[in-house]
Amino acid sequence: MAKRFLFLLRRGPYDGLWTKECLDMLLTAAAFDQQVTVLFSDDGVFQLMSGQRPRGAGQRPFATFLGALSFYDVDALFVEMESLQERGLKVEQLVLPVQLVARNDVAALLDEQDVLVSC
Amino acid sequence: MKFAIQVNGSVFGSEAGDSAYQFIRAAIERGHEIVRVFFYHEGAYQGMAQVSPPDDEPNPVKRWSELVHECGTDLVICISAAQRRGLLDGHGDLQSGEAPVGRVAPGFRIGGLGQWVDACIRADRVLIFRP
Numbered sequence: 115m116a117k118r119f120l121f122l123l124r125r126g127p128y129d130g131l132w133t134k135e136c137l138d139m140l141l142t143a144a145a146f147d148q149q150v151t152v153l154f155s156d157d158g159v160f161q162l163m164s165g166q167r168p169r170g171a172g173q174r175p176f177a178t179f180l181g182a183l184s185f186y187d188v189d190a191l192f193v194e195m196e197s198l199q200e201r202g203l204k205v206e207q208l209v210l211p212v213q214l215v216a217r218n219d220v221a222a223l224l225d226e227q228d229v230l231v232s233c
Numbered sequence: 276m277k278f279a280i281q282v283n284g285s286v287f288g289s290e291a292g293d294s295a296y297q298f299i300r301a302a303i304e305r306g307h308e309i310v311r312v313f314f315y316h317e318g319a320y321q322g323m324a325q326v327s328p329p330d331d332e333p334n335p336v337k338r339w340s341e342l343v344h345e346c347g348t349d350l351v352i353c354i355s356a357a358q359r360r361g362l363l364d365g366h367g368d369l370q371s372g373e374a375p376v377g378r379v380a381p382g383f384r385i386g387g388l389g390q391w392v393d394a395c396i397r398a399d400r401v402l403i404f405r406p
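Sequences listed follow chains X and L, in order.
Going letter by letter, the first sequence gives residues 115 to 233 in our numbering.
Going letter by letter, the second sequence gives residues 276 to 406 in our numbering.
To be clear, the hints were calculated from the coordinates, so they are not data collected in a lab.
There's no promise every hint is true.
The list that follows gives simulated cross-link-like pairs (lysine to aspartate or glutamate, EDC-like), each with its CA atoms no further than 16 Å apart [said to hold, decoys possible]:
#	chain 1	residue 1	chain 2	residue 2
1	X	Lys117	L	Asp393
2	L	Lys277	L	Asp364
3	X	Lys117	L	Asp349
4	L	Lys277	L	Asp393
5	L	Lys277	X	Asp228
My request is simple: use the sequences and hints to build the entire structure.
Next comes the structure, spelled out in structure tokens:
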């Protein structure tokens, strides 16, 4: 039976290996036909920003990795509204279609899950 | 109750490994089951045989090995996390979980993220110990 996993992505896109490894974990859960929800909050919202141009040698914009989400049918993507606002970002600047969730409603979203992974 | 545990901190870099160990011991003592302990991110360092602090200091790696010896707990180091950090000599054998000789401490095996998801599916509770 599929479980409901929520991955809470809170770190910026170029924070060492961490963010990429969290994405790998999330995609593995999806590949095992689990019900996967993703919530971007805090600096995690920067992962979704369009126009990323990292300068590191051979480094790819993190947003290109997020393209794999649709390949694995992960389409329950949420962004915490206040995290965007606090960073002066607008939903139009994000590379994927997301649902906005108010900070006050995050607890209810987490409550619906079986497994919470804070990244 | 069945627990799946993930450990994300390195050996001496945080309390993550120690807290996980204490929890696991207490849970087993009270009759709970540990489905699997999965070492991910910097947690991959928790199973490195070369960790050798001075004799009068605790050795967390050795303690994990003793846990396997005493309780048969399934300790799995994520192969991709370990390879990214240069912790494995070769590739080992993912099918059998056999670790590359000399690098991985006794009792640990290597495995993929699928084993983490599998443990989550089989467990009643999932706990993650992170730095």
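Okay, the hints, checked on the actual structure:
1. In summary, the hint linking Lys117 (chain X) to Asp393 (chain L) is supported, as the alpha carbons are separated by about 11 Å, within the 16 Å threshold.
2. Under the criterion of a C-alpha separation no larger than 16 Å, the hint pairing Lys277 (chain L) with Asp364 (chain L) is inconsistent with the structure, at around 33 Å.
3. Between Lys117 (chain X) and Asp349 (chain L), the direct Cα distance comes to roughly 22 Å. Violation of the 16 Å bound is thereby established for this hinted pair.
4. Taking the CA atoms of Lys277 (chain L) and Asp393 (chain L), the gap is about 13 Å. The hint holds against a cut of 16 Å.
5. Only pairs whose Cα atoms come within 16 Å are accepted, and Lys277 (chain L) paired with Asp228 (chain X) is accepted, the gap being roughly 14 Å.
The structure shown violates the earlier hints numbered 2 and 3.
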